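Here the protein sequences come in this chain order: A and B. Take the first sequence: its letters are residues 11 to 380, numbered as in my numbering. Take the second sequence: its letters are residues 617 to 916, numbered as in my numbering.
These aren't lab readings, by the way, just hints derived from the structure by calculation. It cannot be assumed that every hint is accurate.
Claimed, not checked - Using C-beta positions, here's what the derived DEER-type ranges look like:
#, chain 1, residue 1, chain 2, residue 2, range
1, B, 836, A, 141, 18 to 26 Å
2, B, 783, A, 124, 51 to 59 Å
3, B, 823, A, 254, 50 to 58 Å
4, B, 803, A, 337, 57 to 65 Å
5, A, 325, B, 832, 51 to 59 Å
6, A, 206, B, 728, 29 to 37 Å
7, A, 206, B, 832, 32 to 40 Å
8, B, 823, A, 196, 28 to 36 Å
9, B, 747, A, 104, 30 to 38 Å
10, B, 901, A, 50, 54 to 62 Å
Claimed, not checked - Simulated pairs of lysine-lysine, DSSO-like, Cα-Cα distance not exceeding 30 Å:
#, chain 1, residue 1, chain 2, residue 2
11, A, 141, B, 807
12, A, 361, A, 298
13, A, 141, B, 908
14, B, 807, B, 908
15, A, 116, A, 41
Please read all numbers here as calculations on a predicted model, not as lab measurements. Ideal Cβ positions, reconstructed from N, Cα and C, are used throughout, including at glycine.
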Amino acid sequence: MPAETSVEIRGLTKRFGDVAAVDGVSLDIRKGEFFSLLGPSGCGKTTLLRMIGGFELPTEGSIAIGGQDVTWAPPYRRPVNMVFQHYALFPHLSVGDNVAFGMRYKGIARADEARRVTAALGLVQLAGYEKRLPSQLSGGQRQRVALARALALEPEVLLLDEPLGALDQKLRKEVQVQLKHLQRSLGITFVFVTHDQEEALTMSDRVAVMNRGRVEQMDEAARIFERPATEFVAHFMGAANFFAARVSAVAADGVILALKAGGSLRLPGGAGALRSGEDVRFVVRPEKLDLRAHDLSRRGVPCVPVTVEDRVYQGVSTVWIVRDAAGERFTVYAQNEKPFEQDAGFGVGAKAFLCWNAAHAVLLGAGGER
Amino acid sequence: MKASSGEPRGRAGVWLALPTWAALGLFFLLPLFILFVISFGQRDTYGGLKPIADFGAYLASGKFLANYARSLHPIYLQIFWRSVWMAVVTTLVCLLVSFPIAYYIAVAAPVRRRNLLLGLVVVPFWTSFLIRTYAWMFILRTEGLLNRLLLATGVTHQPLELLYNNFAVLIGLIYGELPFMILPLYASLEKLDLSLLEASADLGAPRRSTFWRVTAPMTMPGIVAGIILVFVPSLGQFIVSDLLGGAKTILAGNLIQNQFAIARNRPFGSAVAFELTAAVLALLFLYALYTKKKGQDVLL
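One chain only, chain A, in its complex shape (with noise of 0.2 Å):
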């Protein structure tokens, strides 16, 4: 879909001496999704929010929003405004004034800085907080006033900068909800940065995964967490099984593979740039895996022969830990769903087969160190 862009970032590169923070990064986001840096601390997704917001300069490349170059802008003149972390409320200031600090700059008269800030904490359910101090709230109440703040300024882009990091878990997941309510109510567009992929997946339209100062896969949240393209994406989210294959075979509506453990398997869809002979490297999600008694590849199905290493029993699901013959480790998420059967109930050190659906099985690109 042609949607008009919002932030547009080309060649963004940030050096701290020689460490490249960020590193060549190039990226369009579009007007009005919800938009995540995921990465792990040190990938460069603060970085790279705090350029778009002009806290940072760039050592190369540009950064446009609406159109406009804005690379060397201060953050004063850029149509953007940021949620910070630790939310950086005046303390100062009364949460009314907190909110309308910015109204002069923006040419809105003192008689109607009132009004918008009444409409402002009502968006965030802080209707007559206005006379208090910081000081005077719970964490989740701060981290609601910074969002007034910034969306009292009706900024073009809100950057958010980890800002549910400082709250407990039952009352992330309702700002969550919120967050992405807010956000698609105010057809604003939201870039936001966290290292918790649940997170991510729960609010974004779309996710750039973030790995020492590069995008490693930039794509839906859906088929992020589906289809990653490297061993890194993969990794981070949490689908870290990995096999070693060579191409044996390359016809139109498929590849077939050797699997280094022993049997094959053929992966419908497109060869793409693969070529008969090559080693690659395949994931598949933990509770896209099947453990069986029996070996499945006679009909068809991919299986690799292991021992079972270890069983975790979690209520709703068991997660088994298994070693294949090379000594390559896998973890398959079983849901305890079934009413009626017993539990396959294999042991610890008992032989069984790890099967899947070739059609789960994503190949991953090169490069991704981890």
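Chain B: place on chain A using the hints.
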């Protein structure tokens, strides 16, 4: 920093506060009280205190107020006035000069260089203040360093009269008090949450607005502490004005010192000293009232 007035204090609190109160009483309140008593007396021929035979008659004669009455003579009022404006100018200049320095050390300078820079601020204390003030005489006098530099570079063709005037006294005061302004400012700037400055810029405030609306209010405790630490000693200074000032630049501090050391008029010296102390305490009290009214922490 929350007010602790509501918290219950155990018996331990009383004991812990005792040394403070003892020191304050012994070294501040008691001497002040002695000054206060002496200030109502009269000097005898040899600089001691004249014994008072009949208290009733002495009080009735009104002579006990003679020292205070004398201190209101225009000659002395002129000295007080000079002390006040010089202390005000010293405080303002110190504040203007110190803020950028403290800001640089606390915020802008690389962290590893911070201690070195702070050390440089404190290093002058290793030398006696008296000697450092003498050094200024060498710099400022007619054939001193500064004049030679000005002549050599051709800025002037005649040596300037830099010493023994108000200018020299102000230079000495500002130089001496500067660290007492830099250090409290540094302490409060160092605690300043820089993300507040970023938030201000993010909300559209240009740098100057950020300074007045965020930086200044957030560092107000440091600013006030610096003002008090500089203004109060400046008001009572006598070494600087003694060495760098001429006969016309006597300050209240010199007046008091002269009464005790040279004129040997302890009652009059005590009266002036008490007036000065009372004025400073009154100012601090007004400030405490003001902050209390605004519901802030009382600094004093």
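Going through the hints against the structure:
1. 836/B to 141/A: 18 to 26 Å: For residue 836/B and residue 141/A the Cβ distance comes to about 21 Å; the hint holds.
2. 783/B to 124/A: 51 to 59 Å: holds, 52 Å
3. 823/B to 254/A: 50 to 58 Å: About 57 Å separates the Cβ atoms of residue 823/B and residue 254/A, which means 50 to 58 Å holds.
4. 803/B to 337/A: 57 to 65 Å: holds, 59 Å
5. 325/A to 832/B: 51 to 59 Å: Cβ of residue 325/A to Cβ of residue 832/B: about 57 Å, so the range 51 to 59 Å holds.
6. 206/A to 728/B: 29 to 37 Å: holds, 34 Å
7. 206/A to 832/B: 32 to 40 Å: Holds, at about 38 Å.
8. 823/B to 196/A: 28 to 36 Å: holds, 30 Å
9. 747/B to 104/A: 30 to 38 Å: violated, 52 Å
10. 901/B to 50/A: 54 to 62 Å: Given a distance of about 57 Å, which is inside 54 to 62 Å, the answer is holds.
11. 141/A to 807/B: holds, 26 Å
12. 361/A to 298/A: Since the Cα atoms of residue 361/A and residue 298/A sit roughly 19 Å apart, the hinted pair holds (cutoff 30 Å).
13. 141/A to 908/B: holds, 19 Å
14. 807/B to 908/B: holds, 23 Å
15. 116/A to 41/A: It holds: about 21 Å lies between the C-alpha atoms, which stays within 30 Å.
Figure legend: structure checked against the earlier numbered hints; the only hint not met is number 9.
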